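Peer 1: Next come the chains, spelled out residue by residue.
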Amino acid sequence: MAKILLEMRNITKTFPGVKALDDVNLQVEEGTVHALVGENGAGKSTLMNVLSGVYPYGSYEGEIIYEGDVCNFSKIKDSEGKGIVIIHQELALVPEMTIGENMYLGNEQGRTFGIDWNKTYGEADKYLAQVGLKESSRTLIKDIGTGKQQLVEIAKALAKHARLLILDEPTSSLNEEDSQALLDLMLEFKKQGMTSIIISHKLNEIAYVADKITVIRDGATIETLDKSMDDITETRIIKGMVGRELSDRFPKREKKNIGGVAMEIKDWTVHHPLYSERKVVDDVSLHVSKGEVLGISGLMGAGRTELAMSIFGKSYGKKISGQLFIEGKELKLHSEKEAIKHKVAYVTEDRKGNGLILSNPIRVNTTLANLDGVSKHGVIDADKEILVANEYKDKMNTKCPTVEQNVGNLSGGNQQKVLLAKWMFAEPDILILDEPTRGIDVGAKYEIYCIINDLVESGKSVIMISSELPEILGMSDRIYVMNEGKIAGELNAAEATQEKIMSCVLKSSKGE
Amino acid sequence: MNKEKVASFFKKNTMVLVLVIVALFFTWQTQGRLLYPQNINNLISQNAYVFILATGMLLCILTGGNIDLSVGSVVCIVGAVGGTLMVKQNMNIGLSILLMLGAGLLIGIWQGFWIAYRRIPPFIVTLAGMLMFRGMSNIILQGYTVAPMPQGYLNLFNSYIIDFFGGEGFNFTSLAAGIIIAVIFTCMRFRQRMVRIKKGYAVDSLISDILRCAVISAVVIALMWKLAMYKGIPNILLWIGVIVLVYGYITSKTTVGRHFYAVGGNEKAAKLSGINTDRVYFLAYANMGLLAAVAAMVTIARLNSANPTAGDSYEMDAIGSCFIGGASAYGGSGTIPGVIIGATLMGVINLGMSIMGIDANWQKVVKGLVLLAAVIFDVETKKNSR
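Chains as they are written, first to last, in the numbering used here: chain A, 1 to 512; chain B, 1 to 386.
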């Protein structure tokens with residue numbers, strides 16, 4: 001038995017009215033990768049916040065034993081001083097600063113007055129090499145992609161002399177390739193003796209990287225699986241998470257009735273809004289039929305979101321050229337309002353940033369895209385609005401006390417349902433869903449898939465952009481693969497496999 | 001359960017309670033002089049411009065905590081235009097008023113254009129406006145005060161609604177108006193309640209509805225009683241009432257109003273929901289110009305002159321009232337009734353300290369502290385609810 005580096009004993013944390021953690025136990029062995037899984041709101045992040053001192057000692061019950069000592073952290077600096085470094089899901093980097101400046105932010109090298117820049121950048125470059133990032137530490141953060149930014153976060157943790165690295169959903173905004181690189185990096189660190197805790201929704205990644213898996217459900221530890229003893233499969237983990245076997249992760253559609261072409265675009269080209277000579281979407285032609293789920297796969301930065309937003313009333317990009325046909329008629333959609341009028345909806349990938357008004361109640365968010373639907377001559381019918389909000393709350397099975405609940409207080413899955421409800425109330429014929437299940441738990445995902453199926457069964461068209469290959473394969477009738485702004489391939493659901501999609505991407509990158 | 005109800009009641013009505021406490025405090029400190037009919041009357045006429053400007057300022061603040069620094073100067077320049085037209089050119093009063101409103105709207109459109117369609121930060125555009133329009137007022141007036149205003153013009157704002165009953169020393173019209181308003185309010189409230197019950201929607205408990213109607217009716221009737229003991233309902237109260245009702249309706253009941261809140265709550269989400277966000281910004285600032293013109297009309301009537309220093313620091317009173325009245329410094333929340341409470345609170349503090357004979361500089365210190373406290377309160381309660 002290896003040495004136990006960290007032990008959390010009988011941790012109980014209560015918020016007013018809610019018991020977020022109930023007698024949770026966690027043991028992490030030195031030199032292993034330990035995964036923490038559970039549905040949204042199960043208490044994973046709360047547990048890590050207790051560990052890192054975000055919730056100070058005294059605000060919870062139980063004890064933390066790290067390297068044999070009982071620790072009473074009262075702030076994050078205390079835990080970091082011991083080498084416990086947490087990397088949050090939302091990257092905390094300043095875009096206008098260099099990589100080096102970011103890495104030593106709050107930990108500046110040099111004397112009290114006057115920073116030693118040579119030391120800063122020299123040290124930073126060393127750590128960057130360690131994480132395999134081939135960028136100068138003098139590059140600005142805003143000039144590198146999300147995948148590289150994630151590596152900077154890890155390098156930053158190393159610079160703090162981390163011994164226990166906690167990664168909260170590290171791959172949620174990475175594409176498959178970058179995710180794989182990150183997981184391999186974790187395994188590499190493990191060889192060097194580093195201990196890590198990973199929180200993730202992506203079970204295939206967990207199965208790949210973790211030595212031990214602790215499942216948390218409703219604020220309590222359910223079980224800890226050991227790779228050397230238990231047979232770890234995704235189905236096995238899901239069983240622990242939801243407390244039942246989820247035999248089919250993608251609901252089957254009863255009947256498929258794919259009709260005529262609903263929307264078609266031809267020779268669609270979009271330029272970057274700032275660097276207008278750069279083509280973000282390059283000569284794309286595609287179509288979607290009625291009653292069809294069209295999947296758009298591809299790596300992060302392939303131009304999928306940009307394509308969708310440029311179709312949706314030119315809400316992204318400059319110098320947009322090409323033709324757009326809806327029901328065979330050529331249209332020019334100059335604003336979001338016109339797009340909505342012509343029954344096109346775009347459901348954003350960034351529900352918090354671009355989708356919902358977090359400080360407003362569910363009711364207001366539900367009707368926002370179709371206020372005319374609850375008003376007469378510009379005057380809102382308050383009673384009708386409540387009726388509509390409740391109707392969609394029930395239809396989507398949104399879990400909330402009332403529709404007057406602020407959206408910011410809901411879990412990710414329920415927020416996503418409100419966002420979908422908003423667009424369904426706008427009564428579109430063509431829905432573009434951008435990463436519709438990002439960062440939400442298995443149960444909520446299933447419900448969203450069911451809603452998508454209901455939509456296409458009623459004759460609507462769904463274009464689903466997703467970075468998760470199983471989801472694309474499980475849901476789509478037809479798949480386009482995008483790479484570097486171009487369509488790299490078109491596959492039928494029957495013939496598509498993960499390998500085929502990836503090979504489309506690779507071939508297109510090589511320019512074949 | 002009950003504890004929660006009480007807590008949420010206090011949270012919702014904090015500023016009303018603060019207003020009551022402050023009013024009681026000054027009544028005590030001034031041996032009741034604060035509530036003399038003449039002082040109540042002064043409270044309204046002295047703060048008329050604050051009510052009007054704060055209403056417009058709320059719309060600007062709703063769009064994302066944006067403020068309009070130029071309103072004081074706009075009041076001055078519109079006043080200068082009006083004064084010059086009516087006194088020097090002897091222009092017809094009605095036409096002059098139209099021209100003043102036009103001038104204010106034009107200034108609002110100018111600023112709104114740069115803010116909405118060219119995306120110049122409102123702070124910069126209105127700071128520039130503050131300097132420009134102050135300078136232009138001086139140029140128009142050539143540095144002199146224009147006075148006196150024609151009597152017909154003054155009557156529009158400074159006189160009182162005539163008493164149809166011709167009571168001696170007591171204006172029965174005023175009291176009657178108070179009772180009628182209270183009855184109409186109560187009836188509307190209960191009609192809405194009936195409709196909701198009929199349709200099966202949730203309603204507040206009967207007791208709380210009755211209490212609410214009783215309190216509001218009592219306040220309205222008491223106010224009108226006090227005014228009746230002086231000279232009756234001042235015309236200016238009608239002007240304020242109309243503006244408050246119209247904007248209260250727009251912000252709470254219409255789609256346009258909802259758009260303001262949406263843009264302040266999350267501009268990107270609002271845009272992707274098909275809301276023309278540029279137009280929302282434009283409307284906020286164009287409308288601010290229009291209401292600044294109304295405030296200018298009130299101001300030159302009250303001063304009985306147009307002078308180059310009129311409207312100085314009015315923008316601060318308006319902004320302060322909004323934040324004290326619960327508008328969020330980040331935009332997206334705040335109501336017209338809240339702003340009216342905020343403006344009244346500022347007015348009561350001013351009046352109370354003036355009656356007590358407190359030095360004007362100390363008054364500024366107190367007002368500054370009240371503003372800071374209100375915003376701290378707003379930010380802290382938001383933190384807790386997250």
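Since the hints were derived computationally from the structure, they do not count as laboratory data.
Fair warning: this is a prediction, and the values are worked out from it, not measured in the lab.
Where a beta carbon is used, it is the ideal one built from N, C-alpha and C, also for glycine.
Check before you lean on any hint, since a few could be wrong.
The calculated lysine-lysine pairs, modelled on DSSO-like cross-linking and capped at a C-alpha distance of 30 Å, are [stated by the list, open to error]:
#1 A:Lys-399 with B:Lys-12
#2 B:Lys-253 with A:Lys-395
#3 A:Lys-279 with A:Lys-227
#4 A:Lys-134 with A:Lys-486
#5 A:Lys-142 with A:Lys-319
#6 A:Lys-148 with A:Lys-341
#7 A:Lys-252 with A:Lys-82
#8 A:Lys-352 with A:Lys-399
#9 A:Lys-256 with A:Lys-376
#10 A:Lys-3 with A:Lys-160
#11 A:Lys-395 with B:Lys-199
#12 A:Lys-266 with B:Lys-231
#13 A:Lys-318 with B:Lys-268
#14 A:Lys-376 with B:Lys-268
#15 A:Lys-279 with A:Lys-486
#16 B:Lys-268 with A:Lys-341
#17 A:Lys-395 with A:Lys-202
#18 B:Lys-231 with A:Lys-384
#19 A:Lys-343 with B:Lys-253
#20 A:Lys-202 with A:Lys-252
#21 B:Lys-11 with A:Lys-352
#22 B:Lys-253 with A:Lys-352
#23 A:Lys-399 with B:Lys-11
#24 A:Lys-227 with A:Lys-202
#25 A:Lys-384 with B:Lys-253
#26 B:Lys-367 with A:Lys-148
Simulated restraints on C-beta separations [what the hints assert, rightly or not]:
#27 B:Lys-198 with A:Ile-76: 50 to 58 Å
#28 A:Val-379 with B:Val-219: 26 to 34 Å
#29 B:Ile-124 with A:Lys-318: 22 to 30 Å
To give an idea of the interface, some chain B residues facing chain A are shown, with a C-beta separation under 10 Å as derived from the structure [as the list claims (entries may be wrong)]:
#30 Thr-145
#31 Arg-189
#32 Phe-190
#33 Arg-193
#34 Ala-262
#35 Gly-264
#36 Lys-271
#37 Gly-274
#38 Ala-329
Peer 1: Give a verdict on every hint.
Peer 2: Verification of the hints:
no.	hint	verdict
1	A:Lys-399 with B:Lys-12	holds (25 Å)
2	B:Lys-253 with A:Lys-395	holds (26 Å)
3	A:Lys-279 with A:Lys-227	violated (46 Å)
4	A:Lys-134 with A:Lys-486	holds (26 Å)
5	A:Lys-142 with A:Lys-319	holds (24 Å)
6	A:Lys-148 with A:Lys-341	violated (40 Å)
7	A:Lys-252 with A:Lys-82	violated (50 Å)
8	A:Lys-352 with A:Lys-399	holds (18 Å)
9	A:Lys-256 with A:Lys-376	violated (38 Å)
10	A:Lys-3 with A:Lys-160	holds (23 Å)
11	A:Lys-395 with B:Lys-199	holds (21 Å)
12	A:Lys-266 with B:Lys-231	violated (75 Å)
13	A:Lys-318 with B:Lys-268	holds (18 Å)
14	A:Lys-376 with B:Lys-268	holds (26 Å)
15	A:Lys-279 with A:Lys-486	holds (10 Å)
16	B:Lys-268 with A:Lys-341	holds (19 Å)
17	A:Lys-395 with A:Lys-202	holds (27 Å)
18	B:Lys-231 with A:Lys-384	violated (45 Å)
19	A:Lys-343 with B:Lys-253	holds (26 Å)
20	A:Lys-202 with A:Lys-252	holds (22 Å)
21	B:Lys-11 with A:Lys-352	holds (26 Å)
22	B:Lys-253 with A:Lys-352	holds (26 Å)
23	A:Lys-399 with B:Lys-11	holds (26 Å)
24	A:Lys-227 with A:Lys-202	holds (17 Å)
25	A:Lys-384 with B:Lys-253	holds (13 Å)
26	B:Lys-367 with A:Lys-148	violated (51 Å)
27	B:Lys-198 with A:Ile-76: 50 to 58 Å	holds (56 Å)
28	A:Val-379 with B:Val-219: 26 to 34 Å	holds (28 Å)
29	B:Ile-124 with A:Lys-318: 22 to 30 Å	holds (25 Å)
30	Thr-145	violated (44 Å)
31	Arg-189	violated (14 Å)
32	Phe-190	violated (16 Å)
33	Arg-193	violated (12 Å)
34	Ala-262	holds (6 Å)
35	Gly-264	holds (9 Å)
36	Lys-271	holds (6 Å)
37	Gly-274	holds (4 Å)
38	Ala-329	violated (13 Å)
Checked against the numbered hints above, the structure breaks hints 3, 6, 7, 9, 12, 18, 26, 30, 31, 32, 33, 38 and satisfies the rest.
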